[in-house]
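Asks: Throw the hints in and build the complete structure from the sequences for me.
The listed protein sequences derive, respectively, from chains A and B. Mapping of the first sequence onto the UniProt record's numbering: residues 1 to 194, in sequence order. Mapping of the second sequence onto the UniProt record's numbering: residues 1 to 589, in sequence order.
Don't read these hints as lab results, they were simulated from the structure. Heads up, a few of these hints could be off.
[Claimed, not checked] Simulated restraints, written as ranges between beta carbons of each label pair:
{"id": "1", "chain 1": "B", "residue 1": "Asp367", "chain 2": "A", "residue 2": "Ala188", "range": "37 to 45 Å"}
{"id": "2", "chain 1": "A", "residue 1": "Asp138", "chain 2": "B", "residue 2": "Val18", "range": "29 to 37 Å"}
{"id": "3", "chain 1": "B", "residue 1": "Thr573", "chain 2": "A", "residue 2": "Arg79", "range": "22 to 30 Å"}
{"id": "4", "chain 1": "A", "residue 1": "Glu163", "chain 2": "B", "residue 2": "Asn446", "range": "53 to 61 Å"}
{"id": "5", "chain 1": "A", "residue 1": "Asp181", "chain 2": "B", "residue 2": "Gln460", "range": "13 to 21 Å"}
{"id": "6", "chain 1": "B", "residue 1": "Glu378", "chain 2": "A", "residue 2": "Arg18", "range": "50 to 58 Å"}
{"id": "7", "chain 1": "A", "residue 1": "Glu123", "chain 2": "B", "residue 2": "Asp33", "range": "54 to 62 Å"}
{"id": "8", "chain 1": "A", "residue 1": "Arg18", "chain 2": "B", "residue 2": "Ala214", "range": "56 to 64 Å"}
{"id": "9", "chain 1": "B", "residue 1": "Ser133", "chain 2": "A", "residue 2": "Asp138", "range": "22 to 30 Å"}
{"id": "10", "chain 1": "A", "residue 1": "Asp181", "chain 2": "B", "residue 2": "Gln314", "range": "51 to 59 Å"}
{"id": "11", "chain 1": "A", "residue 1": "Asp138", "chain 2": "B", "residue 2": "Gly421", "range": "30 to 38 Å"}
{"id": "12", "chain 1": "A", "residue 1": "Glu163", "chain 2": "B", "residue 2": "Glu3", "range": "21 to 29 Å"}
{"id": "13", "chain 1": "B", "residue 1": "Val18", "chain 2": "A", "residue 2": "Arg18", "range": "26 to 34 Å"}
Where a beta carbon is used, it is the ideal one built from N, C-alpha and C, also for glycine.
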Amino acid sequence: MDHESDREQRYSDTAIQRYSEFVALLARHDQSIRRFVRSLLPSRDGVDDVVQDTALECWNKFSEFQPESLDDSVQEFIRWACIIARYKAMSWQRDKARDRLVFRESVIERLAQAAIDNLDQQELEQSAIESCLGKLHDDQRRLVLSVHSPGESIAAIAEETGEAARRLYSKVNALRKRLLDCVEQRIAAEVGNG
Amino acid sequence: MDEATRNLIFKAIDQTIVPAEFDRLQDAIEQDDEVRAEYLRAVTLCESLSEIASEASEPNAIASRPAHDDRTWKAPAACAVGAHWQSLSWSMIGLAATILLTVGGAAFWFGLQKSGTTNVADRGEQSVERNESQIAGHATLRRSVDLKWSAGGNEYRDGDVLTNGRLQFEEGVAEIDFFCGATLIVEGPAALNIESDWSVKVASGRLRANVPPAARGFIVKAAGSEIIDLGTEFALEVKSENARVEVIDGELEIRGGEHDGSHLLTGERQWLKGADTAESFDGLSTIDELKSRQENAASERFAAWQAHAEELRQDDRLIAYFPIAAGQHREPTALAAGGDGGTELHTGPDANAFGSRTVRNVARTGDGLNGKLIGPVEHSSGRFGSKSSGLNFGRPGSRVRTRIDGEYQAFSFACWVRIDGLEHVYNALFMSDGYETGELHWQIRNDGRLMFSVMVDDTQKIRRFSELDQREVETAGLARVYYSDPIWDISKSGQWFHLAAVYDPAGRQVMQYANGKQVGSHEILDKFHIDTLRIGAAEIGNWGQPFRKTPWFSVRNLNGTIDELAIFDAALTSEEITTLFQNGKPLGY
Numbered sequence: 001m002d003h004e005s006d007r008e009q010r011y012s013d014t015a016i017q018r019y020s021e022f023v024a025l026l027a028r029h030d031q032s033i034r035r036f037v038r039s040l041l042p043s044r045d046g047v048d049d050v051v052q053d054t055a056l057e058c059w060n061k062f063s064e065f066q067p068e069s070l071d072d073s074v075q076e077f078i079r080w081a082c083i084i085a086r087y088k089a090m091s092w093q094r095d096k097a098r099d100r101l102v103f104r105e106s107v108i109e110r111l112a113q114a115a116i117d118n119l120d121q122q123e124l125e126q127s128a129i130e131s132c133l134g135k136l137h138d139d140q141r142r143l144v145l146s147v148h149s150p151g152e153s154i155a156a157i158a159e160e161t162g163e164a165a166r167r168l169y170s171k172v173n174a175l176r177k178r179l180l181d182c183v184e185q186r187i188a189a190e191v192g193n194g
Numbered sequence: 001m002d003e004a005t006r007n008l009i010f011k012a013i014d015q016t017i018v019p020a021e022f023d024r025l026q027d028a029i030e031q032d033d034e035v036r037a038e039y040l041r042a043v044t045l046c047e048s049l050s051e052i053a054s055e056a057s058e059p060n061a062i063a064s065r066p067a068h069d070d071r072t073w074k075a076p077a078a079c080a081v082g083a084h085w086q087s088l089s090w091s092m093i094g095l096a097a098t099i100l101l102t103v104g105g106a107a108f109w110f111g112l113q114k115s116g117t118t119n120v121a122d123r124g125e126q127s128v129e130r131n132e133s134q135i136a137g138h139a140t141l142r143r144s145v146d147l148k149w150s151a152g153g154n155e156y157r158d159g160d161v162l163t164n165g166r167l168q169f170e171e172g173v174a175e176i177d178f179f180c181g182a183t184l185i186v187e188g189p190a191a192l193n194i195e196s197d198w199s200v201k202v203a204s205g206r207l208r209a210n211v212p213p214a215a216r217g218f219i220v221k222a223a224g225s226e227i228i229d230l231g232t233e234f235a236l237e238v239k240s241e242n243a244r245v246e247v248i249d250g251e252l253e254i255r256g257g258e259h260d261g262s263h264l265l266t267g268e269r270q271w272l273k274g275a276d277t278a279e280s281f282d283g284l285s286t287i288d289e290l291k292s293r294q295e296n297a298a299s300e301r302f303a304a305w306q307a308h309a310e311e312l313r314q315d316d317r318l319i320a321y322f323p324i325a326a327g328q329h330r331e332p333t334a335l336a337a338g339g340d341g342g343t344e345l346h347t348g349p350d351a352n353a354f355g356s357r358t359v360r361n362v363a364r365t366g367d368g369l370n371g372k373l374i375g376p377v378e379h380s381s382g383r384f385g386s387k388s389s390g391l392n393f394g395r396p397g398s399r400v401r402t403r404i405d406g407e408y409q410a411f412s413f414a415c416w417v418r419i420d421g422l423e424h425v426y427n428a429l430f431m432s433d434g435y436e437t438g439e440l441h442w443q444i445r446n447d448g449r450l451m452f453s454v455m456v457d458d459t460q461k462i463r464r465f466s467e468l469d470q471r472e473v474e475t476a477g478l479a480r481v482y483y484s485d486p487i488w489d490i491s492k493s494g495q496w497f498h499l500a501a502v503y504d505p506a507g508r509q510v511m512q513y514a515n516g517k518q519v520g521s522h523e524i525l526d527k528f529h530i531d532t533l534r535i536g537a538a539e540i541g542n543w544g545q546p547f548r549k550t551p552w553f554s555v556r557n558l559n560g561t562i563d564e565l566a567i568f569d570a571a572l573t574s575e576e577i578t579t580l581f582q583n584g585k586p587l588g589y
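Replies: Here you go:
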């Protein structure tokens, strides 16, 4: 009997360890997975659902995830999880296809592949965005962030400044394009300089 | 990218797009790589802006904010609801809570912090621009001989800044310079506690303290007393049973304990604790002895490395091997006797009116691959001390040029480098000139990450506007830069590192190493796969850009010293890299 309980104990120790490993990997890549899912869905609607489905599926299939070494596991996990997330994003959109605008599967495939190829550029992109945002004047920065802020809106700024909302929106779009150009250039420069 | 497509992208992200437009956008995303990339970048940008915006706003505002049905028009809908709670997933919150319970958060960082802790403050990219960097510490481990650090405690290398706290070793001798100007030579076994620039507590050990006028007032605490040095030199021994102090030259004062207030002059000694014995302080190391012991130990290490280097140069996989440490102006050695038979290691056949400005390739590939010193490259000491050589690339025009033709199936680069600073955005280790298809760049970014890259397709040019030239310029095409974890920060200035990069097209991976430990591992994706590798005209310690069409050049010289570089046409295993590190490591590693 003692042997049996030993075995059970060992089994549960391994299971706990495996779970801890999984949770650590998932937590580390949470943001990357979200970003990946977001880029496959036309809006934020559904991102939470798909990420959650992905997390559960990853856990269910975690026994199949066999990285070659501990060092590789961090790298491999995110690619593995993204492939699962791609299927989850597709099936979510399949369900919703009748109610709203969603990407067709061939588009999701292409976007997913491009996004997976870019996974290791995320850090670079993030620092480019921050530094490009830093180059804007304070009022420009406030304006472009305003459409993304919970407390502010174009409407509020329009009211405050007396400018037409439509005019402000086209300003916001011009700033976003400028940021995109800046980010693009910084990444091109970094790659070219590599 | 045309404006119309860009507008469609933002309309899609903002959810103001109509079905016909959405179809057009989908077609473009499917068919055009550029639109696809632009779409992904725009989504990322909007997500990041949301995160930044919600970080800046008050957390309370989130709860009180009504749903966005109060918006007066539809435009920035998707982006506008970037409240922070939306960027967290509920499943993740549950899981994250579990992590904290089960693994204490430690596993969260595994893989990130392999190289231990750093004592440098403010390492974020943003703060580097704004804040002065700071290092915590009170003293420097100037040099050491045969130190064996106690298990479980901090381990330091020569040149390291010592922070406050315990310093404990079982064997060996350490010379410690306190920032106030006092120097201690400590013999193991010893246990000290560094308290400040001006004070140290000795739990056990034998030491000699030298206190110049600038450091007058330096306090050594031992056996319940404080020894205040009033000038020059004293010796101290602390054991579990007894402790005594002796003035070698000058004067000191004892405070606290039974001898509180007493002054000792040259030659006088006092027991702070325990019984008198006849034992004297004879045999305590002096700086000269330490220096000569250290030099002897360094020479042994140097000789051992030379034997390994002699073996290594026979390796058929070597494309080139520059064992610079073996000496610029030394007598011919066994190492130098290869190739064309007996010329000095670095003074090749062109030691003529231009002097010895050659770095010899001692691999079987021969003198044709020798490097040529250009500009203000300075000869400095290598990693085995003054008897070994190194090349310092600290000034912008410093470079060693070489030309390595041929095609290769894999690359392994290994070098020993002392990094004094990373002032430039990119700091060169070894760079192909033109960065054409198949050519490589190996460098260090200013955040301490190693970068290794191979140009995959230089025909895929990207045009960008150059602020310097005030016109559009072409930059190189398709390449992927592989970054390691950060391996360097300013607290490691002056330390020697063994760095290695393995680019393995067949195994489809890129591995990077620092001091024999893996610090980067990346898969080579199909898009970035290339199996014919080249070097061409290239430089050690700098980047030559002979094809550039503008007078501007990027400043990428390495502010540091390189004293060995080996290049292989093979993917070395991690064991082989570790062996290279072990065979070549200097004293104190």
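Asks: With reference to the structure, classify each hint as holding or not holding.
Replies: Right, here's what the structure says about each hint:
no.	hint	verdict
1	Asp367/B x Ala188/A: 37 to 45 Å	holds (40 Å)
2	Asp138/A x Val18/B: 29 to 37 Å	holds (35 Å)
3	Thr573/B x Arg79/A: 22 to 30 Å	holds (23 Å)
4	Glu163/A x Asn446/B: 53 to 61 Å	violated (41 Å)
5	Asp181/A x Gln460/B: 13 to 21 Å	holds (19 Å)
6	Glu378/B x Arg18/A: 50 to 58 Å	holds (55 Å)
7	Glu123/A x Asp33/B: 54 to 62 Å	violated (22 Å)
8	Arg18/A x Ala214/B: 56 to 64 Å	holds (59 Å)
9	Ser133/B x Asp138/A: 22 to 30 Å	holds (27 Å)
10	Asp181/A x Gln314/B: 51 to 59 Å	holds (54 Å)
11	Asp138/A x Gly421/B: 30 to 38 Å	holds (33 Å)
12	Glu163/A x Glu3/B: 21 to 29 Å	holds (22 Å)
13	Val18/B x Arg18/A: 26 to 34 Å	violated (49 Å)
The structure is inconsistent with the numbered hints 4, 7, 13, although it conforms to all the rest.
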